[in-house]
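As given, the protein sequences belong to chains A and B, one line each in that order. Numbering-wise (my numbering), the first sequence opens with residue 696 and increments by one. Numbering-wise (my numbering), the second sequence opens with residue 271 and increments by one.
The set of hints was computed from the structure by calculation and includes no laboratory data. Note that the structure is a prediction, hence the values are computed from the model and not measured. Glycine residues also receive a C-beta, built at the ideal position from the N, C-alpha and C atoms. Errors might be hidden in some of the hints.
[Unchecked claim] Below 25 Å or equal to it, Euclidean Cα-Cα: the simulated BS3-like pairs (lysine-lysine) are:
hint, chain 1, residue 1, chain 2, residue 2
1, A, LYS915, B, LYS387
2, A, LYS906, A, LYS946
3, A, LYS751, A, LYS796
4, B, LYS342, A, LYS802
5, A, LYS915, A, LYS946
6, A, LYS757, A, LYS745
7, A, LYS915, B, LYS492
8, B, LYS387, A, LYS745
9, A, LYS751, A, LYS802
10, A, LYS796, B, LYS342
11, B, LYS342, A, LYS906
[What the hints assert, rightly or not] Simulated coverage check for chain A against chain B, where a stretch passes if three residues somewhere in it have a Cβ under 8 Å from a Cβ of chain B:
hint, region
12, 772–784
13, 906–916
14, 922–931
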Amino acid sequence: MTPLPDWLTSESSTPFPPSRRKRGRWLEKTQRAAAEFFHADLFSEEFARKKGLLQKLGARSKIVAAASLFVLTSFLRGPLALAFVLAGILFLAMLSRIPLKDLTLRKGPIVLWTGLLPALPAMFSFVSPGESLVASLGITRPGFATALLLFLRVAASAGIGFLLILTTSWQDLLSGLRGLGLSRDIVEMLGMMGRYLALLVAGLEDRLWAKQSRTILPEKAREARGWIAAEIGMLWHHAAALGEDVFLAMKARGYSY
Amino acid sequence: MAPLFEIQEASFSYEGGIPGITGASLAVNAGERVAILGANGSGKSTLLKMMAGLVFPQQGRVCAFGRELSEKAFQDPSFRALFRKQVGMLFQNVEVQLFSSAVSEEIAFGPRQLGLKREEIELRINDLLGMLRIEPLRERSPSRLSLGEKRKVAIASVLAVNPDVLLLDEPTSGLDPRSRREFLEFLQALHRAGKTLVTATHDLDIVPDLADRAYVLSEERKLVASGDIGEILGDTSRLRAWNLM
Numbered sequence: 696m697t698p699l700p701d702w703l704t705s706e707s708s709t710p711f712p713p714s715r716r717k718r719g720r721w722l723e724k725t726q727r728a729a730a731e732f733f734h735a736d737l738f739s740e741e742f743a744r745k746k747g748l749l750q751k752l753g754a755r756s757k758i759v760a761a762a763s764l765f766v767l768t769s770f771l772r773g774p775l776a777l778a779f780v781l782a783g784i785l786f787l788a789m790l791s792r793i794p795l796k797d798l799t800l801r802k803g804p805i806v807l808w809t810g811l812l813p814a815l816p817a818m819f820s821f822v823s824p825g826e827s828l829v830a831s832l833g834i835t836r837p838g839f840a841t842a843l844l845l846f847l848r849v850a851a852s853a854g855i856g857f858l859l860i861l862t863t864s865w866q867d868l869l870s871g872l873r874g875l876g877l878s879r880d881i882v883e884m885l886g887m888m889g890r891y892l893a894l895l896v897a898g899l900e901d902r903l904w905a906k907q908s909r910t911i912l913p914e915k916a917r918e919a920r921g922w923i924a925a926e927i928g929m930l931w932h933h934a935a936a937l938g939e940d941v942f943l944a945m946k947a948r949g950y951s952y
Numbered sequence: 271m272a273p274l275f276e277i278q279e280a281s282f283s284y285e286g287g288i289p290g291i292t293g294a295s296l297a298v299n300a301g302e303r304v305a306i307l308g309a310n311g312s313g314k315s316t317l318l319k320m321m322a323g324l325v326f327p328q329q330g331r332v333c334a335f336g337r338e339l340s341e342k343a344f345q346d347p348s349f350r351a352l353f354r355k356q357v358g359m360l361f362q363n364v365e366v367q368l369f370s371s372a373v374s375e376e377i378a379f380g381p382r383q384l385g386l387k388r389e390e391i392e393l394r395i396n397d398l399l400g401m402l403r404i405e406p407l408r409e410r411s412p413s414r415l416s417l418g419e420k421r422k423v424a425i426a427s428v429l430a431v432n433p434d435v436l437l438l439d440e441p442t443s444g445l446d447p448r449s450r451r452e453f454l455e456f457l458q459a460l461h462r463a464g465k466t467l468v469t470a471t472h473d474l475d476i477v478p479d480l481a482d483r484a485y486v487l488s489e490e491r492k493l494v495a496s497g498d499i500g501e502i503l504g505d506t507s508r509l510r511a512w513n514l515m
């Protein structure tokens, strides 16, 4: 075997540039929240097993109620009405023994990302011209109202979705969809999608840990963005490879299309 | 002398109450070779992740370099940098460990953070590629390599910052016999050079080459035994009970 080089056998005294920069943990937290959603919420059934109000209802009725609420939410135009729906969601969560802290703090980052980001551009005059609200930033009053409405709609819809998923086991959810007349093929596809999505997310979580273990100095935002971009590419590549393997495994078991 | 790592009654569960490890206590001294043995799902990887400061116990404590490992400790940039520089981890699923676009970039990731000069980084890349006999992979994308090649690139990327401690999770899984032999010799050479090796595995064949002492985890994710490697491997009835043979 080639002998070890001097730098590897010497005392580990390599200096590193001191840094007082705090770590930008928003990215990590959001990724963790997404990973937890799959591990802890969708598949662990921690809350679905509790004896709360929504847990007592059948999956079919919950799916129908959630779908109706989704439609209702998309037609509501007043922020107050949407805020009322949000309050109702929190109240139902309480009655279903889901800790409010869990629903707000842990799911909050996901809602913020999915709700706030798409809504942000609507605040500015180049998208929503009108009476100025914060002139220096180019935020207009109608723009702010639109963004708020959009955000509240996303938050309410996400809340309804979380309630349904948290209080129903994945199996019951799929059976409920089947009971509502959805074809067996589609339900099976959904089941597989959930299963493999969880696998990919678990992989992403591991990658985050691995990256963390090799990160000596806090990353610059640009580096973090670069990593995320590379991860998206990698995830795409893995998803395609996994899809191909699953399809071949199905074919090997007699699946024909 | 205080142990390098000291774990006291540490328990950890993943989100959703999925158990990781229950009430584990162990100590690792500088320059030691220690194995953590256990069947699949016994909590070996969780224990290593705790030692690597990636997850933190909900009960008990984990100390390294005389300081308790906690989220708060890692918010201190100097401790974080010192710890990440000194402790390298090789993950069981090496796939997750490689994120750069080329093997050379992967190896350079750590040294760049140390602020090393370009020539020094090049030297380290060349040395590691040569030692692990993977020079032809230099500009290849890590995602396109075989499992054995990925494992070699992963260890090269960990070693590039010259850590004092190596946490190895099933380090030889997926390696062909020759690569496995060479890899074990390589790890032995690193130990002779003073590195502390902590290896989590259920492959008893590699244990005598990689450890002098062992801790055993049961399938209930509890630490059930510890001792010299000869003593542990000699007790076949207990090895069967622990589902290790």
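Verification of the hints:
1. A:LYS915 to B:LYS387: holds, 20 Å
2. A:LYS906 to A:LYS946: It is violated: about 36 Å lies between the C-alpha atoms, which goes past 25 Å.
3. A:LYS751 to A:LYS796: Answer holds: LYS751 of chain A to LYS796 of chain A is near 22 Å, not above 25 Å.
4. B:LYS342 to A:LYS802: holds, 23 Å
5. A:LYS915 to A:LYS946: Violated - the C-alpha atoms of LYS946 of chain A and LYS915 of chain A are around 46 Å apart, more than 25 Å.
6. A:LYS757 to A:LYS745: With a Cα-Cα distance of about 16 Å, the restraint between LYS757 of chain A and LYS745 of chain A holds, given a limit of 25 Å.
7. A:LYS915 to B:LYS492: violated, 40 Å
8. B:LYS387 to A:LYS745: Violated. LYS387 of chain B to LYS745 of chain A sits at ~58 Å, over the 25 Å cutoff.
9. A:LYS751 to A:LYS802: holds, 23 Å
10. A:LYS796 to B:LYS342: holds, 21 Å
11. B:LYS342 to A:LYS906: holds, 19 Å
12. 772–784: Violated - the region 772–784 of chain A has 0 residues with a Cβ nearer than 8 Å to chain B, which falls short of three.
13. 906–916: Check passed, 8 qualifying residues.
14. 922–931: Coverage by chain B holds for the region 922–931 of chain A (4 residues, Cβ < 8 Å).
Violated hints, in rising order: 2, 5, 7, 8, 12; the structure is consistent with all others.
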